[in-house]
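Respectively, the protein sequence lines represent chains A and B. Anchor point for the first sequence: position 63 equals 63 in the numbering used here, and the numbering is continuous, going up by one each time. Anchor point for the second sequence: position 88 equals 1088 in the numbering used here, and the numbering is continuous, going up by one each time.
No lab work stands behind these hints: they were computed from the structure. Ideal Cβ positions, reconstructed from N, Cα and C, are used throughout, including at glycine. There may be inaccurate statements among the hints.
Computed, partial: chain B to chain A, Cβ under 10 Å [unchecked claim]: (1) D1041; (2) D1164; (3) D1168; (4) G1202; (5) F1247.
Facing chain B, a subset of chain A residues (Cβ under 8 Å, in silico) [what the hints assert, rightly or not]: (6) L26; (7) A29; (8) D141; (9) P229.
Computed Cβ-Cβ distance ranges for the label pairs, DEER-style [to be verified]: (10) A:N135 / B:P1182: 53 to 63 Å; (11) A:L47 / B:Q1266: 42 to 52 Å; (12) B:G1256 / A:R102: 19 to 29 Å; (13) A:G143 / B:G1207: 19 to 29 Å; (14) B:G1256 / A:P107: 26 to 36 Å; (15) A:E87 / B:I1221: 35 to 45 Å; (16) A:A234 / B:I1263: 19 to 29 Å.
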Amino acid sequence: MIKGLYTAASSMLAAMRRQDIISNNLANANTVGFRADDAQFKAFPLLFLQRLFDNNRLENGQLLPSNQVGGINTGLMVDQVTTNFQEGAIRQTTDPLDMAIRDTAGPNSPPAFFAVQTPEGTQFTRSGAFTRNANGELVTDQGFRVLGVGGQPVVVPDGDVKVAANGAITVNNVSAGQLQIVRFANPVALDKPGNTLFAQNAASGPPTAANPADYQIEQNALEQSNVDPVRSMAEMMDNMRLYEMNQKMVQTQDQILNLAVNSIAKV
Amino acid sequence: MGTFGLWSAASGMSAQQTNVDIAANNLANVNTVGFERARGDFQDLLVERLNPGGGGLLRGDPTLHADAVGAGEGLQATKLMFEQGPLQSTGQPTDVAIDGQGFFQVQQPNGQIAYTRSGGFHIDSNGDVVDPQGNHLLVQTPAGNVAPLNVAQVVNGFEVPVSDLRLDTNGVLSGTFPGAVPGSAPVNFGVLQLARFTNPQGLVQIGANLFSPSGNSGAAITGQPGTSTQASPGAPLLRFGQVWQRFLEGSNVNTGDELAGVITAQRSYEMNQKSLQISDQMWQLANQMHQ
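Throw the hints in and build the complete structure from the sequences for me.
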């Protein structure tokens, strides 16, 4: 009986965690290059119940099948938060330093990323809202340098900037370098430190240069967030009801316990 | 835990509020000469790890992600969009528009040099060419030094301004004074100097259409209209735009784009408000569990 109380409470905790994630997705429905998160639920490990104080409980040290009551699940938790790397819509802009990556290798191909030099080492992003710093280097909004092939910053002097589909940059028809475009064997495992950046780890594998046939850089364009607001709102309502039901379960079990404690003894 | 949802939604709401503020300022300046529109760039906020290092988890261990929750959205930068605005004919000889990239150099009353795209100048009582705030337009004088432009001569103790000021597309200023001998050569007042920056978006806005350089913009690179310069042989040419007398550059705000942005921001604000309400209801239900 007490166990049921905790089962329902654990579901409430999981639903609340999921609400945090949906809330964050909705807050970033307009953030360039943002990738939505999704909470994956999982049940607590199955417990096997068995009868106690049974005379024939053991036979050769083994449980008799007749003593086993069956399995019981004791709760719900968020197993992992996975990032959805589906491509976002591409919006045209008027800034020549705005770039978007279009993955052209098919719907399920791993996404390509821009490489960015951060204080925490090289990180990766889908957001191509770039600008220049005082040295003319291509940087993100936070001032992190965008890396070219060879891991060097790309210097883009003021002028008529053109970005080719393979990431080669020319200014007034003079070459200004080539953007480093990478991909990962297992992008879903990438860490997400915020600022629309992604960080590699052992599970994601190291970055490898993307094949120019598998992506296209579009200039004067920005890739929007891939949050689907309608779906997120529906998920939020659904999640809210799950939470509510479990709250009712807690209350009901509390009432039953109340009767057990206070009423049965009165008879 | 739990309260993250509330704060994510609240940060989303305030970010959208900022978006509307930026769009409102852009729309308010749809008719301001030389106005450069701004754009807000937003980023998701730092992801919170609720249980750092707990249970000996490794980076990249998928279970680590179970404890990682984003904390909403925040304004990362407002970006000035220096796109060419439309040139509008005004007929005023002291109105100048830049076709191309570059800024006028003006000297503020405190002596500091500032930069502007707004070319609505006039001649003041001293014969100085000034902008509406009284900042002096700087030119390269025939003597070769950079100084405020003065287009008057003193006759019997009075400043008499030039009667027809002429400016060609390459920035050469000339004019004749009232009473000059017909057919005599016009007086040369010098050449207008335009300034360019490695990173114009790093300029700091110090008032009405007036910009000041910062460490992020780099120092001004000056040159004559219609010419170009090169940082080093082989480097791309840095072109200075041409100047057009009797024209003004209109605001580069696109009303349609701004209105679409306002509508998106408003809907986004509503969604965040809804998610804030739901997070709140969850807490309310939790508080009502024991009655």
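Quick rundown of the hints versus the structure:
no., hint, verdict
1, D1041, "holds, 5 Å"
2, D1164, "violated, 35 Å"
3, D1168, "violated, 24 Å"
4, G1202, "holds, 6 Å"
5, F1247, "violated, 21 Å"
6, L26, "holds, 5 Å"
7, A29, "holds, 6 Å"
8, D141, "holds, 4 Å"
9, P229, "holds, 6 Å"
10, A:N135 / B:P1182: 53 to 63 Å, "holds, 55 Å"
11, A:L47 / B:Q1266: 42 to 52 Å, "holds, 50 Å"
12, B:G1256 / A:R102: 19 to 29 Å, "holds, 25 Å"
13, A:G143 / B:G1207: 19 to 29 Å, "holds, 25 Å"
14, B:G1256 / A:P107: 26 to 36 Å, "holds, 32 Å"
15, A:E87 / B:I1221: 35 to 45 Å, "holds, 39 Å"
16, A:A234 / B:I1263: 19 to 29 Å, "holds, 22 Å"
Checked against the numbered hints listed earlier, the structure breaks hints 2, 3, 5; every other hint is satisfied.
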